[in-house]
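Peer 1: Hints in hand, dock the two standalone chains.
Protein chains in written order, with the numbering used here: chain A, 1 to 279; chain B, 1001 to 1286.
Pairwise CB distance ranges, derived in the manner of DEER restraints:
1) A:ASP106 - B:VAL1024: 52 to 62 Å
2) A:ALA85 - B:ARG1185: 20 to 30 Å
3) B:ASN1167 - A:SER51: 29 to 39 Å
4) A:LEU83 - B:ARG1136: 44 to 54 Å
5) A:ASP96 - B:ARG1101: 39 to 49 Å
6) A:ASP106 - B:VAL1277: 29 to 39 Å
7) A:GLY67 - B:ARG1101: 21 to 31 Å
Partial list, computed: chain A residues near chain B (C-beta under 10 Å):
8) ASP106
9) PHE124
10) PRO125
Treat the hints as calculated values from the structure; they're not laboratory data.
Think of the CB as a built atom: it goes at the ideal place given N, C-alpha and C, for glycine as much as any other residue.
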Amino acid sequence: MESEQEQEAGALGMASGSVLRGLPTGADGTSIEALGLNAYYGQKQVLREVSMKIRGGCVTAVIGPSGCGKSTFIRCLNRMHELGAGARVTGRVALDGQDIYAPTVDPALLRRRVGMVFQEPNPFPTMNIRDNVLSGLAMTGRLAAGQADEIVERSLRAAALWEEVRDKLKEPGLGLSGGQQQRLCIARALAVEPDVLLMDEPCSALDPIATARIEELIHTLAGKFTIVIVTHNMQQAARVSHDTAFFLGGALVELAPTNRLFTSPRDSRTEDYITGKFG
Amino acid sequence: MIAMRRRSVPVGEIVFRALCLGAVVVPLVALVALLVAVIAEGVGRLDADFVMRFPSRIASAAGILPALAGSIALVLLTMLIAVPVAVGSALYLEEYGNRGRFAGVIEVNITNLAGVPSVIYGLLGLEIFVRFLALRQSLIAGALTLSLLVMPVIITASRESIRTVPNALREAALGMGATRWSMVRGVVLPMAAPGMITGSILALSRAFGESAPLIIVGAATFITFLPNGVMSSYSTLPIQIFNWVSRPHEAFQTNAAAGIVVLLAAVLCLNAVAVLVRHRLQRRRN
Ligand SMILES: Nc1ncnc2c1ncn2[C@@H]1O[C@H](COP(=O)(O)OP(=O)(O)OP(=O)(O)O)[C@@H](O)[C@H]1O
Ligand SMILES: [Mg+2]
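So that you can see chain B by itself, here it is in the shape it has in the complex (with noise of 0.2 Å):
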């Protein structure tokens, strides 16, 4: 009777409770806060005009079209040149590297790449890409740049998605015969394929709102035209909500805002397309 009988909660279980909830309320206040005062001055700025336009030094005639056109081209640019790399290491890594000393010094060195400020890429960006490589602040200065930036956070997800292949299944392919790549590709490749391209997709929707290496590397902030090549000068969203916010006319600040609500508008149909993709994935091996 009295072991069944409720005891009163201790005082400290109440207090740790009361700080939980409040770690996920506040900033979840504040995040909404935010999301609602610059949606609030962006949206009535926000139409199709605003989205087709180039930019202008008439706030109100002023557009983003170059920008984004911009951030696609980079992210797409820099998916096309960090994926397969990023990949292709985590599957020598897994699959190839022997687990050796080597291998311990590059996993740590991967580890702590992934928690370099950009900044700092975007500094290596302009050494390497801008000068060296004399590929001036063009739109794949910019990739190579974001590669860098993102290639650390998609080896690290998808060596996590390898190594959640069972072993039995890699040496059932070889027991029949295969070599290492054919099971690579027929058995590890398609079921480790969810977790790498979610992975991807988060990473590229950081690098698409990423500014700072970017304004290292040489992106521009008036754009009138749209890139036409991976040699072609660009400008992003990012840099661009940079450029007006920075500028002390209250019509700019307005631009700031719609543009924001656009970045934010991309990001997210960024990360529906990686849980769809995942969903997918998932649904047809089950």
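Chain A with its partners taken away, still in its complex shape (with noise of 0.2 Å):
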């Protein structure tokens, strides 16, 4: 399957982009291949033998019914899923060729280049906005005195907030409108300086404006980070995404280029899905 992906973006070149309205792709990204990966919550088994690559510097889309697995996937690129408890992975996920579930690798230090974006926005309540986007290297120690200034307003204008905010950094970022504060969450998600980043329905809790605000910045962070993004909204999916995957029951049924699976899937189960049949 992997090979007739790659065949695809092959075939659609870096002209993929151009197909999608623009959507710029980065080729020298960080690239993510997930190997044989199963993820267990208990006894249960959420994710079942999952293989697929991610484009370095592409957007990736992940579909599917609720329950299927989505979330899992992407919180096992960052090792987040083993946080939770009696939560397991076993298989491989290998970030530009490199083992991430390696006995020898650091999932701090991991997760300082795979960020993540959540649902719901979640700025920290005790910071003010300037705080919250300069939490990330605070808590690493890595914040050095002098460069704050430049890191807050290079990580808020790389979100789209820096006009909106510019005159109360010292505000909390729970006085911000929903949309503003889940761009607030991706400055602080950039201020780390990260390859990848993961969105897990970044868009479920805005309104209309707000999300095409967010769909907006993805197009301008596309091809600088590799990004990865569960949504619900196969328009949206559509919109900002390279490449898509549609899971079902904890397995990937199909992964290919977006406009490919939206006008010609190969598995019936992906038409059923895509045409509105279940889900």
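Peer 2: Given below as structure tokens:
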């Protein structure tokens, strides 16, 4: 299946960007490859033998019905899954060829490279906007005095929030609107300079306008980062991603360039799902 | 029309309301009566001299200074010992402990310890600190004993407070590469601090009024000097009051009443501090 995807991707080449209304790709971004990935909550297996390749510098959307393991899958990519009580992972996930489940890997160091944005905007309530942006660096002991202002501005600009908050950096993060809070969380994730950004339904708690702004933002981030975004919204997947992976019952059903997956799915289950027969 | 008309209140409801009202009013009246009686008796005796003088065999010359100083020193020392240990335990149990059977056993134990009568802690302190560790009747032995007494309460309050921190915030911190400890320090502690501080102060104000365990671990009843170190002998307000109450002479009863007023004032101060701190921290958060 991977080779098929690679062929497709190769055939479309970097042109896939232009097909998707100017969604840029970064040729040298960090690639991720899952090989025979299984995930469990206690006795319950929620991911089954997932093998897939996520192209570096591209946006990969993960779709599928509720409970099919989308969140679990992306949480396996930065070793967040194993934090839950009784949660276990077997198999391999390689980041640029390096196995992140190898015993020598420090999960905390890995997570600096693989950042995460969650479904509900979750700025730290005890911190103001500025401190929220700097929190990742502060908590990893890398906040050099004198650089703080520059990092705050750069991250907030990258998250398309700077103009709206530049005059109230000292105000609490929770005082912002939901969409602004989510962009603050993206700024916070960007401040630690990750290579990969995992987004778990980042727009599902937002109204359409805020959603459009986040999608716009994903367009500007595409190419600079490898992005994996879980979404319930197939139009959204079509709008923001290069590749789309369809999950069902904890297994990967189909992974293909987004426009191919939505126009001519190979698997009948994918077709049923995208035509709304179930889910 | 009919449905809208107010129906007469059933008898059961009236009785229940009366009972509830009684449950509030009776203890309140009793408490107020007690307070008024004590203050009325003690307030005449209460002056700067009373607070600044040392005990004496002559009731009218006796003061409460060493007991007051002893109480304050004891509570400060207890705070220094109990709060870090209890907050550390709470953090360990909530943030690090794997929620296995072991955690369940500890959980039940701590909850039960909070309900053990204080005399038992006194006996424990007598065996461990006074005798086994040979700390004798010192301030530190008293503080360690009181620490045992307040720790379960502070641990329980701190754990409640830690549990109110949403998991999403922990994941956000860990997701940026924070280690568990930096996550706890950067996210959990600032959010849980108000609850921890209030819990600690309330527990300590209880320790402030405690007498039974201190009688057992040897707080003195007649001290003519101020505590001058952790190995010093000491007295406390409740012990001094207890001592005066047990004297037959009428004048000492008045001293006891005045002592009670001082004790109540001190405890009220502690509780006021708890409320203030809580408001401060919560205002800062919003
Ligand atoms: N903490 C947990 N303990 C036990 N089972 C869990 C836990 N979290 C999730 N699961 C189960 O794992 C499966 C996959 O969950 P997951 O959250 O990955 O699904 P999802 O595809 O993200 O769903 P949604 O679209 O609703 O977010 C589900 O069947 C769910 O019930
Ligand atoms: Mg999910």
